[in-house]
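Participant: Quick note, the sequence shown lines up with residues 1 to 430 if you use my numbering.
It is possible that some hints are incorrect.
Simulated DEER-style distance windows between Cβ atoms [stated by the list, open to error]:
#1 Lys346 with Lys221: 39 to 47 Å
#2 Gly179 with Glu414: 54 to 62 Å
#3 Gln401 with Lys221: 32 to 40 Å
#4 Glu318 with Glu55: 42 to 50 Å
Derived lysine-lysine pairs resembling DSS-like cross-links, with alpha carbons at most 30 Å apart [said to hold, decoys possible]:
#5 Lys10 with Lys79
#6 Lys188 with Lys258
#7 Lys109 with Lys258
#8 Lys128 with Lys79
Note that these hints are calculated values from the structure, not bench results.
Where is the CB? At the ideal position from N, CA and C, for every residue including glycine.
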Amino acid sequence: MEQYIIRGGKPLTGSVNISGAKNAALGMLAASIMTDEEVIIDNLPDVNDVNVLLEAISGLGASVSRKDHTARICGAGIKTTTADHEGVRRMRASYYLLGSLLGKYGSAKVALPGGCAIGARPIDLHLKGFRALGAEVALVENGFVSAKADCLYGAHIYLDKVSVGATINIMMAASLAKGKTIIENAAKEPHIVDVANFLNSMGAHIRGAGTDVIRIEGVEKLHGSEYMVIPDQIEAGTYMFAAAATNGDITVRNVIPKHLEATTAKLLEVGCEIHEFDDAVRVVGMGRLRHTQVTTLPYPGFPTDMQPQMAVLLGLAEGVSTITESIFENRFKYVDELARMGADIKVEGSIAIVSGVDHYMGAEVCAPDLRAGAALMIAGFAAEGVTTIDDIHYIQRGYEQVADKFASLGGDIEFMDTEHDIRTLSKKVS
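Whenever a hint applies, use it, and build me the whole structure from the sequences.
Facilitator: As structure tokens, this is what we get:
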């Protein structure tokens, strides 16, 4: 079993470079196979989700090569529109292959996605959009979704609720449909804009990304392109909260400060000092934090992916704070783990009531999902004593070189592969 062992109790200081946005990269990788020409994607984060999707794309027959943070992809050799790579069922973003394959080939069969257990993530809005474009969609044997169409036609699509995944999926399929498509109540997250800009660089005609109405004029085909992924706002926010929780001083570099406004606003509310630059944000912890109230909302509201990190922060603040989760119903699964470290949090439905404590204590905890795992790392660095975090594969899904980056900020962190250590010890004993 792989673990992180953290010895906390001292401020994190220094600067850290933020990697490319995982959620934008996943949409782009799926879209990259919609042309028979080569696509080059730069600033690609080296995280497990991205690597699994690259393997799945290669499994379809596409040519895939990667060097450092740059991938070259060519979809000309695709031999099948059925995606059943070993990792596809484990990752939610595999559903993007539905939109890209359906758009290009008129056929797609993809294993239903998995991912973090933070609540139901139904794909009904994705399927509604595909049907509106003229596809026949069905759930078939062994947990597959099948979508077929002799021809896709533009349509007026209203999303019953804001959905990042459905917005990207419909946007991809509609890019190669005949006629005009309008997506209303579309998601507005920065990675929606980035995927739309990437598709436009390939020859798509998409307008309005970043607003709640996206207009798409279908084109006959897409062409090759070279594109750079935007910085990851959630990774940046995680290190910013680490500065606040440890009473530290961290500058996050290679960021777009505009994308971090909801995060910086809450840090200011609880008493941190914030300095913004063109492509960097500095966060300085200023002693005991103040309580506040937080509600997660679609962008530009406070992101649900920062909610567990916020709970760690408010768990150390004076007074009583509340966190209302409006996106995912199971996003408080980390509370029991944080309680092992001394946190005082009570969950009532979709609301967490957080009573601040003076300090956390090191403990053995288990990461229940990606963002909660990162939050437990922050708690470990803020805590007195030693914290051991199990199930770190969740964290590695979305944070590049996270242990190395925290270590560069002065964090005392060690990666431990207990199975490897036991095997090594056994050999020495024998």
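Participant: Against this structure, judge whether each hint is valid.
Facilitator: Evaluated hints:
no.	hint	in the structure
1	Lys346 with Lys221: 39 to 47 Å	violated (56 Å)
2	Gly179 with Glu414: 54 to 62 Å	holds (57 Å)
3	Gln401 with Lys221: 32 to 40 Å	holds (38 Å)
4	Glu318 with Glu55: 42 to 50 Å	holds (48 Å)
5	Lys10 with Lys79	violated (54 Å)
6	Lys188 with Lys258	holds (13 Å)
7	Lys109 with Lys258	violated (38 Å)
8	Lys128 with Lys79	holds (27 Å)
Violated hints, listed in ascending order, are 1, 5 and 7; each of the other numbered hints is respected by the structure.
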